[in-house]
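Chains C and F supply the protein sequences, listed in that same order.
FYI, the numbering for the first sequence is 1 to 470, going by the working numbering.
FYI, the numbering for the second sequence is 1 to 470, going by the working numbering.
For the record, the hints were derived by calculation from the structure and aren't laboratory data.
For glycine and all other residues, C-beta sits at the position ideal for the given N, C-alpha and C.
This list has only true hints and no planted wrong ones.
Restraint-style ranges between C-beta atoms, simulated for each label pair:
#, chain 1, residue 1, chain 2, residue 2, range
1, F, Gly-437, C, Arg-140, 55 to 61 Å
2, C, Glu-58, F, Ala-16, 34 to 40 Å
3, C, Ala-404, F, Gly-437, 50 to 56 Å
4, F, Lys-79, C, Asp-139, 19 to 25 Å
5, C, Met-329, F, Ile-211, 55 to 61 Å
6, C, Lys-298, F, Lys-423, 36 to 42 Å
7, F, Met-459, C, Glu-58, 55 to 61 Å
8, C, Asp-12, F, Asn-226, 47 to 53 Å
9, C, Gln-375, F, Gln-120, 26 to 32 Å
10, F, Asp-139, C, Leu-369, 43 to 49 Å
11, C, Arg-427, F, Val-222, 53 to 59 Å
12, F, Glu-85, C, Glu-368, 41 to 47 Å
There are 2 protein chains.
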Amino acid sequence: MSKPSIPQGTRDFSPAEVRRRQYIFNTLRTIFELYGAQPLETPSMENLTTLMGKYGEEGDRLIFKILNNGLHEKKDADKEKLNSEWNNIVSRPYSTPVVTERALRYDLTIPFARYVVMHQNDIAFPFRRYQMQPVWRADRPQKGRYREFWQCDVDMVGSTSLINEAELLCIYQTAFQKLKVPVTIKVNSRKLLAALADLCGMPEKMMDITIALDKLDKIGWVGVANELKERGITDDGIWQIERVINVKGTNDEKLVAYADIMQHSAMGMEGINELGKTLAYYGNLEFGISNLDSEREKNIVVDISLARGLNYYTGVIVEVVCSSEAVKMGSIGGGGRYDDLTGLFGLKGVSGVGVSFGIDRIYDVMEELDVFPKQLAEGTKAMLVNFGGENETYALQILQQLRAANIAAEIYPDAAKFDKQMKYANRRGIAYVLLPGDEERQKNMVSVKNFETGEQKMMSVGECITLLKS
Amino acid sequence: MSKPSIPQGTRDFSPAEVRRRQYIFNTLRTIFELYGAQPLETPSMENLTTLMGKYGEEGDRLIFKILNNGLHEKKDADKEKLNSEWNNIVSRPYSTPVVTERALRYDLTIPFARYVVMHQNDIAFPFRRYQMQPVWRADRPQKGRYREFWQCDVDMVGSTSLINEAELLCIYQTAFQKLKVPVTIKVNSRKLLAALADLCGMPEKMMDITIALDKLDKIGWVGVANELKERGITDDGIWQIERVINVKGTNDEKLVAYADIMQHSAMGMEGINELGKTLAYYGNLEFGISNLDSEREKNIVVDISLARGLNYYTGVIVEVVCSSEAVKMGSIGGGGRYDDLTGLFGLKGVSGVGVSFGIDRIYDVMEELDVFPKQLAEGTKAMLVNFGGENETYALQILQQLRAANIAAEIYPDAAKFDKQMKYANRRGIAYVLLPGDEERQKNMVSVKNFETGEQKMMSVGECITLLKS
Numbered sequence: 001m002s003k004p005s006i007p008q009g010t011r012d013f014s015p016a017e018v019r020r021r022q023y024i025f026n027t028l029r030t031i032f033e034l035y036g037a038q039p040l041e042t043p044s045m046e047n048l049t050t051l052m053g054k055y056g057e058e059g060d061r062l063i064f065k066i067l068n069n070g071l072h073e074k075k076d077a078d079k080e081k082l083n084s085e086w087n088n089i090v091s092r093p094y095s096t097p098v099v100t101e102r103a104l105r106y107d108l109t110i111p112f113a114r115y116v117v118m119h120q121n122d123i124a125f126p127f128r129r130y131q132m133q134p135v136w137r138a139d140r141p142q143k144g145r146y147r148e149f150w151q152c153d154v155d156m157v158g159s160t161s162l163i164n165e166a167e168l169l170c171i172y173q174t175a176f177q178k179l180k181v182p183v184t185i186k187v188n189s190r191k192l193l194a195a196l197a198d199l200c201g202m203p204e205k206m207m208d209i210t211i212a213l214d215k216l217d218k219i220g221w222v223g224v225a226n227e228l229k230e231r232g233i234t235d236d237g238i239w240q241i242e243r244v245i246n247v248k249g250t251n252d253e254k255l256v257a258y259a260d261i262m263q264h265s266a267m268g269m270e271g272i273n274e275l276g277k278t279l280a281y282y283g284n285l286e287f288g289i290s291n292l293d294s295e296r297e298k299n300i301v302v303d304i305s306l307a308r309g310l311n312y313y314t315g316v317i318v319e320v321v322c323s324s325e326a327v328k329m330g331s332i333g334g335g336g337r338y339d340d341l342t343g344l345f346g347l348k349g350v351s352g353v354g355v356s357f358g359i360d361r362i363y364d365v366m367e368e369l370d371v372f373p374k375q376l377a378e379g380t381k382a383m384l385v386n387f388g389g390e391n392e393t394y395a396l397q398i399l400q401q402l403r404a405a406n407i408a409a410e411i412y413p414d415a416a417k418f419d420k421q422m423k424y425a426n427r428r429g430i431a432y433v434l435l436p437g438d439e440e441r442q443k444n445m446v447s448v449k450n451f452e453t454g455e456q457k458m459m460s461v462g463e464c465i466t467l468l469k470s
Numbered sequence: 001m002s003k004p005s006i007p008q009g010t011r012d013f014s015p016a017e018v019r020r021r022q023y024i025f026n027t028l029r030t031i032f033e034l035y036g037a038q039p040l041e042t043p044s045m046e047n048l049t050t051l052m053g054k055y056g057e058e059g060d061r062l063i064f065k066i067l068n069n070g071l072h073e074k075k076d077a078d079k080e081k082l083n084s085e086w087n088n089i090v091s092r093p094y095s096t097p098v099v100t101e102r103a104l105r106y107d108l109t110i111p112f113a114r115y116v117v118m119h120q121n122d123i124a125f126p127f128r129r130y131q132m133q134p135v136w137r138a139d140r141p142q143k144g145r146y147r148e149f150w151q152c153d154v155d156m157v158g159s160t161s162l163i164n165e166a167e168l169l170c171i172y173q174t175a176f177q178k179l180k181v182p183v184t185i186k187v188n189s190r191k192l193l194a195a196l197a198d199l200c201g202m203p204e205k206m207m208d209i210t211i212a213l214d215k216l217d218k219i220g221w222v223g224v225a226n227e228l229k230e231r232g233i234t235d236d237g238i239w240q241i242e243r244v245i246n247v248k249g250t251n252d253e254k255l256v257a258y259a260d261i262m263q264h265s266a267m268g269m270e271g272i273n274e275l276g277k278t279l280a281y282y283g284n285l286e287f288g289i290s291n292l293d294s295e296r297e298k299n300i301v302v303d304i305s306l307a308r309g310l311n312y313y314t315g316v317i318v319e320v321v322c323s324s325e326a327v328k329m330g331s332i333g334g335g336g337r338y339d340d341l342t343g344l345f346g347l348k349g350v351s352g353v354g355v356s357f358g359i360d361r362i363y364d365v366m367e368e369l370d371v372f373p374k375q376l377a378e379g380t381k382a383m384l385v386n387f388g389g390e391n392e393t394y395a396l397q398i399l400q401q402l403r404a405a406n407i408a409a410e411i412y413p414d415a416a417k418f419d420k421q422m423k424y425a426n427r428r429g430i431a432y433v434l435l436p437g438d439e440e441r442q443k444n445m446v447s448v449k450n451f452e453t454g455e456q457k458m459m460s461v462g463e464c465i466t467l468l469k470s
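Put together the whole structure using the sequences plus the hints.
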C-alpha cells in the first residue's frame, strides 16, 4: 500500500487552523450582517457553459472540469461523438459538455451574476450579498497559491450610488481593525486610467498604460517609462503620465491637481468627481462613529497607479495591502465598480460594486503578526482523569455537570495509566486536569490541577465550575 | 444566450436558507466543542487512488472524477497512453490517474482515515474530531437526494472504551434537543446480528439476515420471513429469528431476554454486554445533569432489526429517526463502532466509533416542524430612508452610530422615490424604517416607524438605539 497523500495545491486544515479560519470567517460575517449584506451560497459545481469564456483563455484552461459519469453506458452512436470530442480535448485547449458537463467554481463573481439573473424576480434590489466559499483553479501551486482556496466577496448590485463604494471602504476598515491587521487602502478609478490614455492622445492604449503603471511599486518610474515606450506611447504621452504620477499630497490635493491636468477629459473629470464623492461619503460615515480611530482617516490613499487585473471594472477600484513593514505580502483584498456583470447572462443595466477578502493571505498575515486571539487554540478546558470503577462513574457525573455549565470538558475514555492520561492532556494543551479519586468521591469533591502552574487543590464541583469559568 | 441554470442535484442557498443552515452548523459546532471534539477540514479533492475501491463497485461509479488539465499539452508518446485509457473509460466502469488524477470527496470518513494515517505522529490519541463539509455523489437526483450535500461527522478514534459510544449518544440527545427535533435513537450491535446468524447455524448468512431484517419496518415480519426463506435460511433459523424479534419490553428486559436466547453464542453475549455497558455509561452521564429531561431516558431504544448499510461497522450501531408523527423522513443520523478504518491506509489496530448528522434532512425536518428561531429570518433590523442632500449626510452619520451599537442597519443608497424605498424595506422584511428628514435633522432627532404596527415616533438617536436593541 502506498503512503496516502493529498493532491498538490490542496490542504488539510488541522483543528487549530480550522479554529483560526473560523475566527476570520465569523468576524467578517458579523460585520457584513451589520452592514445589511445577506449571505449567499452557490453550488461547487456549475454548468461548464456558465463558466467557459468568462475568465479569458488562461481562465478557461485553469478551470477544473468534471468528467461525466457513466460514459461506458452510452450507446454506440453516442460513443462516436464522445470519441471525437475526446480527440479535441487531447489536441487543443478545449472542453465539451459531452465529456465534461460540469466544472468547479472558479470565482464567486460569475456564480453570483448567474444567481442574480436566475432569481431577478425574487430579489429586492439593491441587493447586497456576501459569500464565503472555496474556489478551484488548476494553477501551478507555489507559496501562498493553492488549487483550492477561499474567496470572500461582498457585492452591492442594482444601485449606482457612490454610497455603496463608501460603505465598502467602511467594511474594509472595520474588518481589518477587528482582525488587528494594519492596512493601506488604495483607491483609484478606471476612468482616471482612461483619462491618462486620453492625455496621451492614445485612448486605445489604456490597457497598455494600465499594465505598465501597475508595476510602478516594483520597477520604479524609469522602468515604467521604458515599458511605456516599448508599448508605443509617445514621449509626450510619457511626459503627461509622469506629471500625473508626480502629484503628491493629501487625497484632496491630489484630486485638485488631477482636475487641473485632466480638465479637458470628460472621462477624467467624471472619475475625479466620483472619487471625491466616495471619499466625502466615507467621511460622513466615519463621522458617525463617536470613538473614531484617527488612524482610520489616513490609511485611505488615492493611488493613480493602482490597476486591478480584471477587465470588467468600470469605475472606482480599490485594493488593500498590509501596511506593517514586518510583512511582505501582496494585495489582501480588492474590488471595484462594474457596470454590466449580469449582462453576461442576459440581464442588462444592473450596475454593481464589490470587494473581496483574500482569506488565505489574511490568515498568513495574521499568523506573521501573531494577532489571533490566544484562546482560539484551546478547545477543551478540562480533562477528567479516568481512575476506573466507581471513580469512573463519579467522573462521568461531574463531566456532564461541567458541560451543562458550558465548560468544554472531556474524560479520558479508558482507565489507562496515570502518566499516559497526563501526557495526553499535555499534548492537547488542556488547561485543567480534574482528579476524581477515592477520597474525592467519598467527600463528593474533586481535585483540580492547573496544568500550567502545577498547582492542585481539592474543591466542590460547584467551586470547580466557578474556577473554570473565571 | 440560453437561460442560465445550475447542474441537476445541486442547489443555490438563498440568504434565508444560509442563515438557517448556519444555525444548524453553529448549534452542532458548539455542542461538539463542549464534548472536547476538535474541528477538521480536508480538501474537496482527494487523489483518485485514495477514494477508489473504498465504497464498493456502486461507490466507484458514483464518485465525481476531475479531468486532468492540460491534456492537449502532453507529448505524443503520453497521448497514446491517454487514448488507450480513454478507451477503457468508455468501455467499462473504469477510471485512471492518466485521465483523472483527482476526484471529489465522497464522504467524510475515508478522508478522515487518510488524515489520521498521514498525521499519526502529530495527533494525541484518543482523537475526537468533528467535520462538517459537503460531499459529492453522482447519484440520480430525487426529492431529498442531492449530488452536492453536507455531511457532519463526529468520530472518536484510538480508544475501545464504550464511554465513547455513550458520549456520542449524549451528543445526539443534546443536539436534537437544542434543535427542537424530537427523535428516537435506535441502538443495536453488529455482534447481535452475527449472533442471529449463529443461532440459525448459518454464520455465513449474516449479511442476508441483516438485509432482510432491515426491512422489518417497511414490510413487516411476514415479508421479512419470506425474504429470509428466499435467501436460504432454514425454517428453524427463521423461527429462531422470530423468537428474538418478538422480544418486547424496556431495553434492560430486552437485553436479559436476548442473553437467555443467545447464551451459547460468545459473539452474542459480547454484543449484549457491550450494549448494556453503553447504556449504563449513558445513564451515568445523564445523571450528571441536574435539569434532566425525563423524556431523554426513554427515547433510546434497543432495536435488533437495525442494520446500517455500511460493512465496516463491527460493534455498537446507532440510528436516529424523527419521532414526530407529522414528519415522514427516514434516518436523520447514524453511525457505529468500526475496528479497522485506518487499516485501509496501512495503520492497523486503531479502533473508532463515530456518528453522522444528515444536515439536509435535519433542515427539511426543522422546516416541517417549524422550529427554526424566528429572528433568523431577519438580517437587517433598520433601514434609513434616503431623502438626499443634507438629509443624506445626516442619515449616514446616524447609520454608523447604529452599527457601532451592533444594530444591523442600512441606508437606501439612492435618493429614490419614497414609495420605492418603502417597498424595498417591506420586501426585505426590515422591522424598522428610520426617517431622517428636514425637521428631524434640524432637531437632531429621527422618526422611527415600526413596519409591523405602522406606529411612527420622533426621538433622539440614543432613544432610537435603545428601542432597536430592546
